[in-house]
Structure formats: structure tokens, C-alpha cells
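J.: Below, each chain spelled out in residue letters.
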Amino acid sequence: MIQLTQDPIDFAALTESVRSTQAGAVVLFLGTVREMTHGRQTVALDYDGYPEMAEAKLRDLESEARSRWPVVEAGIVHRLGHLELGDVSVAVAVSCPHRHQAFDAGRFLIDRLKEVVPIWKKENWSDGSTEWVHPGTDEAVDSRQ
Amino acid sequence: MKTVVKLFARARDLAGAPTLELDLEESATAADLRAVIGEQVPALQIILPSLLIAIGNDYAGPATRVAGRTDLAAFPPVSGG
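Just so you know, the protein sequences line up as chains A and B, in that order.
Be aware that the first sequence starts at 1, since it is given in my numbering, and climbs by one per residue.
Be aware that the second sequence starts at 1, since it is given in my numbering, and climbs by one per residue.
Calculated directly from the structure, the hints in this document are not laboratory data.
Please note that a few of the clues may not be correct.
[Said to hold, decoys possible] Anything over 10 Å on all C-beta distances counts as not near chain A; from chain B, calculated:
id	residue
1	Glu39
2	Pro42
3	Pro77
[Unchecked claim] So the derived label-pair ranges between C-beta atoms look like this:
id	chain 1	residue 1	chain 2	residue 2	range
4	A	Pro135	B	Ala31	17 to 23 Å
5	B	Ser50	A	His38	17 to 23 Å
6	B	Gln40	A	Arg99	19 to 25 Å
7	A	Gly136	B	Pro18	21 to 27 Å
8	B	Gly68	A	His82	36 to 42 Å
9	A	Ala12	B	Gly16	39 to 45 Å
10	A	His38	B	Asp23	39 to 45 Å
Glycine residues also receive a C-beta, built at the ideal position from the N, C-alpha and C atoms.
Isolated chain A, as found in the complex (with noise of 0.2 Å):
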């Protein structure tokens, strides 16, 4: 199951909805809002997508781990909007016959989640200012709002 929602990710029935009698290996991996980056505070994130190429993307993510790993089932759910520290931004549920192969596609699911699936974060700093993270861009982006 792919999906993006501006609500919070039931990753229990996300993790459920994978389980198989097929499976004995289920792998959940949840991304949670981190206070500290560098030494830096955060307080909150807002994520934006783009959805339909987001959801295309995430697709073609499953497609290609299903073609790599004998996954029985695979459900991946992002979070769009203004998330708080501790909320889970992203989750990742991937059901495989062994626990290897779990492990291995669930890594790759996020691993190019994050490379390729059109989504992206803006940092709210505890000193009242906000930046995109654009990840490879050589400067650091700071707008005081």
C-alpha cells in the first residue's frame, strides 16, 4: 500500500496489513521528527510533496524491491504538513519469507525514498527561523519569518 496523508500514520496497522502467513520475517521502520541536527534545535517540520509524482515514485520503489526480494507485502506511508518533534513522518512495512530479505528491502525502500520520491522538509529552528533541507545545495538557506 503506497500513500501520502496529512494525518498521523497508524504504523500499527500499517504493520499488521503486511503480516502474512507467507512471511516469517516482518520489518516495520518508522522516520520520527529529531530535535537535534547538529547542534541545532528543532521545534517542528513542515513537509511538502508533490503528490502525484510522490505516489508514481513510491510505485515504481515497491516494483523494483518486489523484483529484488521475494516480498509478500509492502506498504510505505509518508507524512505531509506540520509535524512535532517525535511524530512519525514516514513509515515502512515490508513482509518477506526470511528475515535477510526483510531487513535488505525495507533498508532500500527508505534508502531511495529519500533520493528519489518528491517530498521535502523545512526545518522551524528553535531560534525562530525556518530552512528548506535540499540536500547537495552548497549553501545553507536561512529566511528569518
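Given the coordinates of chain A, work out where chain B should sit on it, guided by the hints.
T.: Relative to the frame of chain A, chain B by itself:
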């Protein structure tokens, strides 16, 4: 020809708008589009080298033709997760 490009994240903030309407040559490629964005929207020059171009649900290579497409988007590197 008039071409509309959707913007996201910092590109949208810098442009101050969710879309751009640009005038492109009929033979324009994604590389041309990036150059035209820099010429017609100076506020986006700062992120031009890293600006990604998408056609529909796929990333466009520099030589991909873009003129006349109605499903173009431009945005900086992604940071989901």
C-alpha cells in the same frame, strides 16, 4: 510557446508563486527550461544549478524536450523521510 511549470519547496518560496508561466522555444529542452527560468525569474538563480525538472512522474534529462508539455515541475533536491 507559453508553458506552465509547477514549483515546490524553496523554489516556490523564492518565486513567490506555485507556478511559473514561461515563454519557450518549440524545440526547448529541460536544459533550456532551466536557463529560461534563470533569465525570467531572477529570484530562482540562486538554486538554478541544483534545480530538478520533472515531466509527468519522471525526472527529465537535460536533452529531454519540454516545450508544449502541460505536466512540468521544477524543484530543488528532495528531502523526504
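J.: Determine for every hint whether it applies to the structure shown.
T.: Evaluation of the provided hints:
1. Glu39: holds, 21 Å
2. Pro42: holds, 17 Å
3. Pro77: violated, 5 Å
4. A:Pro135 with B:Ala31: 17 to 23 Å: holds, 22 Å
5. B:Ser50 with A:His38: 17 to 23 Å: Since Ser50 of chain B and His38 of chain A have Cβ atoms about 20 Å apart, the given range 17 to 23 Å holds.
6. B:Gln40 with A:Arg99: 19 to 25 Å: violated, 53 Å
7. A:Gly136 with B:Pro18: 21 to 27 Å: holds, 24 Å
8. B:Gly68 with A:His82: 36 to 42 Å: Taking Cβ atoms as reference, Gly68 of chain B and His82 of chain A lie about 37 Å apart, which means the hint holds.
9. A:Ala12 with B:Gly16: 39 to 45 Å: For Gly16 of chain B against Ala12 of chain A, whose Cβ atoms are near 41 Å apart, the range 39 to 45 Å holds.
10. A:His38 with B:Asp23: 39 to 45 Å: This hint holds: roughly 42 Å between Cβ atoms.
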